[in-house]
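> Position chain X against the provided structure of chain Z, taking the given hints into account.
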Amino acid sequence: MKRFALALLLAPLVAHAQYPDRPIKLIVPWAAGGDTDVIYRTFAPLMQKHVGGTIVVANVGGASGTKGAKEAKDSPPDGYTIFAVHDSIHSTYYTGVADVNYHDFEPLCLVSATPSIITASPKTPWSDMKALLADAKARPGQITVGATLGSTSHFFPAMVEKAAAIKFKYVSYEGTAPRMNALLGGHIELAESNLTQKGKADAGQLKFLAIASAARHPEVPAVPTLKELGISVEYAVNRGLIAPKGTPAAALGKLRSACGAAAKDPSFAEAMKKHGTIVNYLDERGYAAFLKDNDAQNKDVARDLGLLKR
Amino acid sequence: MYELLFAGLANVVQVKYLLPLALGTLVGVVGGALPGVTITMTIIVVLPFTFGLDPLQGLAAMTGVYVGGSAGGLVTAVLLGIPGTPSAIATTFDGHPMARNGEPGRALWIGIWASFFGGLLGGIFLIGATGPLARIALEFGPWEFFSLFVLALSMVAGLVEASLLKGLLSGMLGLIVTVMGVDPVLGRERLTLGIPFLAGGVEFLPVLIGVFAFAQIMTEVERMGGAAPLADAIDRAASLAVSHLKVIWEIVSRPLILLWVAFVGVLPAIGGSAASMMAYDQAKKFSRHPERFGTGTPEGIIASEASNNANVGGSLVTIMAFGIPGDAVTAVMLGALTIHGIQSGPLFISQNTQLAYGMFAAYLLAHPIMVLILALGSRWMLRVTTVPKAALFPVVLVLCVVGAYALNNTMTNVYVLLVFGLLGYAMVKTGFPLAPFILGVILGDQIELNLVRSIMTDANPWLFITRPISGGLLFASVASVAFALWQHRRQQAKLSASEGDADF
Chain Z
1 MKRFALALLL APLVAHAQYP DRPIKLIVPW AAGGDTDVIY RTFAPLMQKH VGGTIVVANV
61 GGASGTKGAK EAKDSPPDGY TIFAVHDSIH STYYTGVADV NYHDFEPLCL VSATPSIITA
121 SPKTPWSDMK ALLADAKARP GQITVGATLG STSHFFPAMV EKAAAIKFKY VSYEGTAPRM
181 NALLGGHIEL AESNLTQKGK ADAGQLKFLA IASAARHPEV PAVPTLKELG ISVEYAVNRG
241 LIAPKGTPAA ALGKLRSACG AAAKDPSFAE AMKKHGTIVN YLDERGYAAF LKDNDAQNKD
301 VARDLGLLKR
Chain X
311 MYELLFAGLA NVVQVKYLLP LALGTLVGVV GGALPGVTIT MTIIVVLPFT FGLDPLQGLA
371 AMTGVYVGGS AGGLVTAVLL GIPGTPSAIA TTFDGHPMAR NGEPGRALWI GIWASFFGGL
431 LGGIFLIGAT GPLARIALEF GPWEFFSLFV LALSMVAGLV EASLLKGLLS GMLGLIVTVM
491 GVDPVLGRER LTLGIPFLAG GVEFLPVLIG VFAFAQIMTE VERMGGAAPL ADAIDRAASL
551 AVSHLKVIWE IVSRPLILLW VAFVGVLPAI GGSAASMMAY DQAKKFSRHP ERFGTGTPEG
611 IIASEASNNA NVGGSLVTIM AFGIPGDAVT AVMLGALTIH GIQSGPLFIS QNTQLAYGMF
671 AAYLLAHPIM VLILALGSRW MLRVTTVPKA ALFPVVLVLC VVGAYALNNT MTNVYVLLVF
731 GLLGYAMVKT GFPLAPFILG VILGDQIELN LVRSIMTDAN PWLFITRPIS GGLLFASVAS
791 VAFALWQHRR QQAKLSASEG DADF
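Going line by line, the protein sequences match chains Z and X.
Each residue of the first sequence is one higher than the one before, starting from 1 at the first, in the numbering used here.
Each residue of the second sequence is one higher than the one before, starting from 311 at the first, in the numbering used here.
Derived contacts from chain X toward chain Z, CB cut-off under 8 Å, selection only:
1) L448
2) E449
3) G451
4) V762
5) M766
Footprint (simulated), chain X over chain Z, 3 or more residues, beta carbon under 8 Å:
6) 59-68
7) 138-150
8) 164-175
9) 185-191
No lab work stands behind these hints: they were computed from the structure.
The structure displayed is predicted, hence computed values, not measured ones.
For each residue, glycine too, the CB sits at the ideal point set by N, CA and C.
Next comes chain Z alone, as it looks inside the complex:
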């Protein structure tokens, strides 16, 4: 009873002083049901526990994830809009797909890393990566790869192309789910995927040819790394949270600590395991440095690939 009275007394004070006093919008720039969406739909409830307010996931998909990025950039920097970013923000900037750049945001924290896997349609004849490489050498520019153009699923195979001195043909399939459908139907031959597709690989509906991590992954020990095969490419899709530039420091502080607490929650790591994702938390300082490095790297890749537009 006493506590109740105290709460009543404090309530008006708290209501005025506290951020957040209304729901925070987390913009996911991809369709519902995709990898990013799944990760943040798990993350948001954990984070809102620590931030002390509701976090609403808003899916703003389209145009290689840049539609949502534009909307996030143009949102008022009041702490009520945060953005679920991944590496595509760098690649789409340098390939000229969008004008939004990581500089337009304040880093909150890095959340996770998902290593990429070269995945083939079951209708292809290749039994392993070596067979694919041999075929690619024999038929340059003919093997079809489904990709979100200018984004990670385009950059990763393009890096492999360069490292292995082969040439692919790219077809626009935005988002993991449509790419996997097209692989299943044999409408494209290759695509980037990750361990979320393990079920289909086990069922023989997809073929995992090689993983782009430093070492073999315990979930799929039979899949070789690209490095083992002499292709020196390491690649993962890194996901973090950022807020529009100019967000008040108080809000940033609260969001950052909530992000950290949620990322360290053991239940999050457990849930991410099912999605082939590693929790890779960095605080805002570490994340800022990471973004800077990653940006430079993406610029290099874009230049190497002849995709650099600025």
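Frame of chain Z, contents of chain X only:
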């Protein structure tokens, strides 16, 4: 398959699914019974309330609304002679005369039980065909999808009662709307005129809400001047009591008609109103006593009601197997699936088996619930129709706006709703059909994407014709336009046909 279905049924009978299903069915029946409130509108109003539910709860509620709405329209159609929804228009032809001839109970219950059986037959199709069709759909490459969407558009443009030219123009307008904003492949801005508001393009649900809900409410508001006192139109003293066994026998003793109209109903992508009209027409043609149609013959009621409920099953197949909505109602259902994080399309049933069968189970269960609701409340339902529209429409409108806002929690969608509400109203005024427009908006991006994909995969344009499925689909779309032209000629020759209501 049966184990999965039983598991689905066992799952859905849990209170946490049964309650949203029953509530959805109730709202659907009421919305369906209210003249001027379409099933589409009812689903739009219910949608935001399902955001907080888990996917199956939300889908159960939406399925309930759909099934309930398809049946609810018959109450007002039979007892007042006013179709509660456009899909019940054909029900008024015989249902109302029978009611006026002193058998309102018989007319009502023939309609309800025909809905029940028609719906269940549609359900058999839904459960049996979704899986195999999904496997076929997986074989569809970008060429086939492109041609399929073209077929869908030309069929809908051809089916509308207005002129074919207006239908095609309307579909084209819809396609142009989808071109606005950034292109789906590389994110180049198009038709944005440098206005940031347009740069984001428009989402189809606010467009759909604007065009269907807002434009139609405006039309209804216009009609309000001469508001007829609905409730006085029927004899309240008349008894609705009836021997159910006798009524059911009346239906099942005509198995061929029932099967045939259910078959017409499940034909994908024709929509409830077209299905019931077509089925009515068919039943009349096959009848030994076509002259009795229009005077209160049970066949007429059975044809209309069995087919419009069977259509629900057929429409759900196309969205579950292909991810293509056949009409406005299924377009909203598709939007609902997306909002609940489900990618409908060829992989839906294999990846979300539990959810898919949960939805089948919800569909089946919605039918007895619908019968129960109508048994308890058909008389009371008439009371609802006396709610003044001046009170009803503002509420519906507010709920529509809330729904548009809640989709993405952005005001942009509310503005989009307003703009397209006005556009839709202008289209209604100038006699442009809305269905092809909205289908154009829904399919535009997919048509473009698949066209780009086909060309990126192989630069040879003849593949659209030389790939057998794609070529067949394109041929079918040419044929459907030709058929529509031919039919139009014939109709104009007759010219006696009365003007139908707008096809919502």
